[in-house]
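*Asks:* Make a model of the complete structure from these sequences and hints.
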Amino acid sequence: MGPQSYPRFGSAAPPMAAKSPVQPIAPGPEPVAREPMPVMAPSAPITLRGDKTAVTASIDLRIITYERVDKWCKLVGNRRFWADAGIDAETMLRDCTELMHNLGVNDEALRELSAGDYLEVAIPFGSEETSRLARCFPWEYVLVTATKPARGDRPISVVRHLQVTEHTAPYEIKPPKTFAFIETAPKPFDQFYGFSAERDLLHHALEGVKGKDFYNPTRRQLESLIKEADWDVIHLTGLDRHQGVSLLRWKGWERDSDLVKNYAKESAPADGVIVLNDKMQLDFLDSQALGETLTLREAKPLLVTMNLYHSAGSLAALAVAHGASAAIGFQDTFDDSLCDTFFSRFYRACAVAKWDILPAFAWTVSSLPRPAMTGTGIVLWSKTTLLKVKE
1 MGPQSYPRFG SAAPPMAAKS PVQPIAPGPE PVAREPMPVM APSAPITLRG
51 DKTAVTASID LRIITYERVD KWCKLVGNRR FWADAGIDAE TMLRDCTELM
101 HNLGVNDEAL RELSAGDYLE VAIPFGSEET SRLARCFPWE YVLVTATKPA
151 RGDRPISVVR HLQVTEHTAP YEIKPPKTFA FIETAPKPFD QFYGFSAERD
201 LLHHALEGVK GKDFYNPTRR QLESLIKEAD WDVIHLTGLD RHQGVSLLRW
251 KGWERDSDLV KNYAKESAPA DGVIVLNDKM QLDFLDSQAL GETLTLREAK
301 PLLVTMNLYH SAGSLAALAV AHGASAAIGF QDTFDDSLCD TFFSRFYRAC
351 AVAKWDILPA FAWTVSSLPR PAMTGTGIVL WSKTTLLKVK E
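Numbering-wise, the sequence shown is residues 1 to 391 according to our numbering.
Nothing false has been slipped in among the hints.
Result set (DSS-like, lysine-lysine): computed pairs, CA atoms no more than 27 Å apart in a straight line:
hint, residue 1, residue 2
1, K388, K174
2, K388, K300
3, K148, K52
4, K227, K279
5, K265, K71
6, K279, K265
7, K265, K187
8, K227, K187
9, K261, K279
10, K210, K227
11, K300, K210
12, K210, K174
13, K354, K300
14, K261, K74
15, K354, K174
16, K227, K212
17, K52, K388
18, K52, K354
19, K251, K187
Calculated directly from the structure, the hints in this document are not laboratory data.
On a predicted model such as this, the values are computed, not experimentally measured, just so you know.
*Replies:* Right, here's the structure in full:
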């Protein structure tokens, strides 16, 4: 199987895996209207903060242009092909540093910001449209690379804070009592992917937390299951919209699929997760609808994790925008063999860290092979800052 190109960022080949059983879910209620969420003023800047300095750097949201985002997402998304293209570490260091200078962040600021263990990118959520470019930009790779001269071999973790409102309560560290494992890979995708190993690893890592598994819910069924309980942790695994369409095209199954037909009509196809509609046909939930659905309960999730390609910029971010305390997603495609490893280690690390997710995330990323390459494709969002900044 050769790699299949996406209309967005990156590419991936679908690996084979063990199949999982299917658990039927009762039909859910009719969708209900949502309350509009508060938003930041669109003029607020992007802010870079470190945990060992009071120095911050501001970036005008307006200079994060489509051309910049498109160029860097494609470049970073194809990083596994750099050697074949003659792109080396020195070239990327030069280009990332020059980019940060063009964004208004000089060498002195980079040195100050990288003095600690963490670097946070605070992005204002003006709306889905106004902040999307900044949310899709590969901050993790660019900042880890641009700060390399200042910090040498000392690792640094880049995380993101989605500023939905100007005033947020302090981040609450508390262990979860419940978690939901949700698989979204309905037929015919089950012949390419299976998630039984991932499910078992998560149950083991979250030992002592009351969990429940759900397989291939429809839109309404997903709403129904979210309403069942206050889910502290939600783990969503399966196929994102871009990957699903690519697989259908690759197998020649797109002719009778409205999922593919509608995708082809969009000039910039929206991010989403594959689900079934009420007619049991392939459909998708876009980032707005998914974020609303995962946060239907008054008690919002402490953590939402998404083992989905292209899930960081919109899907995970919108879960936080709608109330989740934190969310994890992937910048583009990711090595499937490392996905289970990452989440299993991450949840174990959370237990060891007494559910302080910041050090747990940093340790897990650093434990991956070549963390400066693989780890920078994993994005942690939070509703409020996770940093304890030295004044």
